[in-house]
Amino acid sequence: MQFTSMILSNAEVSPGYWRMRMTAPQEFAAARPGQFVMVRVNGAIDPLLRRPFGVFDVGVHVPAQSGANPQPYLEMLYRVVGKGTAMLATLHETDLLDVLGPLGAGFDLGAPGEEKLIVGGGVGLAPLYLLAKELVKASPVRLFAGGRTRDDVLCITEFERLGVECYTATEDGSLGERGLVTSVLEQRLDAIGNRGTIFACGPHGMLNAVALIAKARGISCQVSLEGYMACGVGACLGCVAPGNGHSAETPDFRCVCVDGPVFEAGELKWRE
Amino acid sequence: MKPDMSVAIAGIKLRNPVMTASGTFGYGEEFSRYVDLESIGAFVTKGLSLRPRAGNPTPRIVETPGGMLNAIGLQNVGIEAFIAKKTSFLRSVNTPAIANFFGNTIDEYAELAGRLDAVPEVAGLEVNISCPNVKQGGIVFGTDPKCAADVVSACREATKKPLIVKLSPNVTDVVAMAKACVDAGADALSLINTLTGMAIDLDRRRPVLANITGGLSGPAIKPVALRMVWQVSRAVSVPVIGIGGIMNARDALEFILAGATAVQVGTASFINPGAAGEIAAGMEAWLADNGVADVRSLIGALEA
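Going down the list, the sequences are from chains A and B. Note that our numbering has the first sequence beginning at 1, numbered continuously upward. Note that our numbering has the second sequence beginning at 1001, numbered continuously upward.
No lab work stands behind these hints: they were computed from the structure. Since we're looking at a predicted model, the values are computed, not measured. Misleading hints may appear alongside valid ones.
[Stated by the list, open to error] One-sided excerpt, in silico: chain A residues whose CB lies under 7 Å from chain B: (1) I45; (2) L49; (3) Y228; (4) A230; (5) A235; (6) G238.
Glycine included, each C-beta is placed from N, C-alpha and C at the ideal position.
Please put together the full structure from these sequences, using the hints given.
So this is what it looks like as structure tokens:
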């Protein structure tokens, strides 16, 4: 659905990373973890296209004064990477945005009880918080969060507050283990004997590594992809990702926006 | 009084002049939850080829100031799957569907025209001789008047349905192309397709698109499109469909004044999936506000 949303708050949570809370229609309470929104940052023709953002959280704000209606909201976690996100970062409380969503297919929450391993790289954590919130209701959840520096590892306190056990890794060693988050994930998989389900979102290289780890160890794994997209509704075909059986002779492209953004890792083609 | 918004393109009756452009509206069904398809004049399918096409590697799109470049590479399900899977939806909607198609050879064009001629759900054909993305595809046909005429003649022989030819702006003389296509049997012309462009990532010293070049669309191309529609509509006697950066009702009406009988909305649907319906409603409101009883009275009514 398309709606006008009012910004409730917009704050920098780490250098270059922002968290925005905005009003949402009632229906948003049913948004599934992994779904996304397409946001128009202004009404002008530059920037022209909407920007896709994972839904970080949804909730209902109950105003302090009696008689005021509870206000459903959604949150986005975004990184300033270009013109559109830079403009978004200048917006304030009560500013309005044109939003399309929730869009796409979300995560499959898997079997209750078994361990859930969430892997996030940088701003890839964005769609994983709502996922963790759902998963902790029925399963033990561990988060593996990585980034270049400690500034790129976001919102760990919020995950801890859900009861998620958090492991961190940074390339410069400024937080947690020095190195890649995938090594920390592998240590945990060794320790628990390759059980559980993996959920991952982050840079494509990290997803590729996680998909190969899951395949080698025979573990179920879902990944959430990013893609350059114009429409978000399956029409422009800009955001496709090659499926497992893809070749020039037998084309098998999946739309990140409508077939995903969440895919079973085994559905997609990875660099071995 | 409610203005008369109806127009006709080569015998296809449109309730209003707003169509959706090929490649921006899927096969119609994708947008049915965002647009009342019965609020627009017609819609045009994603371009069809004889066999399914994979399209180009990614990145396939990039935003540019006031526009976007795309190099999708004509990914489509192919004519077989279109007929088997997509026509039942077309039957359910009381709005004409135009099938856009392209071939790699004149024989392929003719075969596709013949196959589509037999599909009752298709009200008319739009032949793409102008897509700039495929190295061995439409580009050759769409930039040479003789080749374009050969394609149009072959399609003309293969179908009795209304035949619209979509013109490329990437030519020296669009009027010569237009005349060649009309002489070869085109019932109508649609223009413009995208302008070939490119974007460069300076820091990586690489092109942004995997295909290096792509087709520019959006508001950035509207002045070029208006000029070409104006030139072509004065030079030919068949209806012209104006395309290029139409974002709102005023843009659409400018094309009508320039000589277009109808318009196609493309990139705008990506930003606002309900754009085509809103533009049709906005045009009608402008006519009512300005005391214009019939939209046809505005076609080519530019005072120049």
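_Violating hint indices (sorted, rising)_ = none
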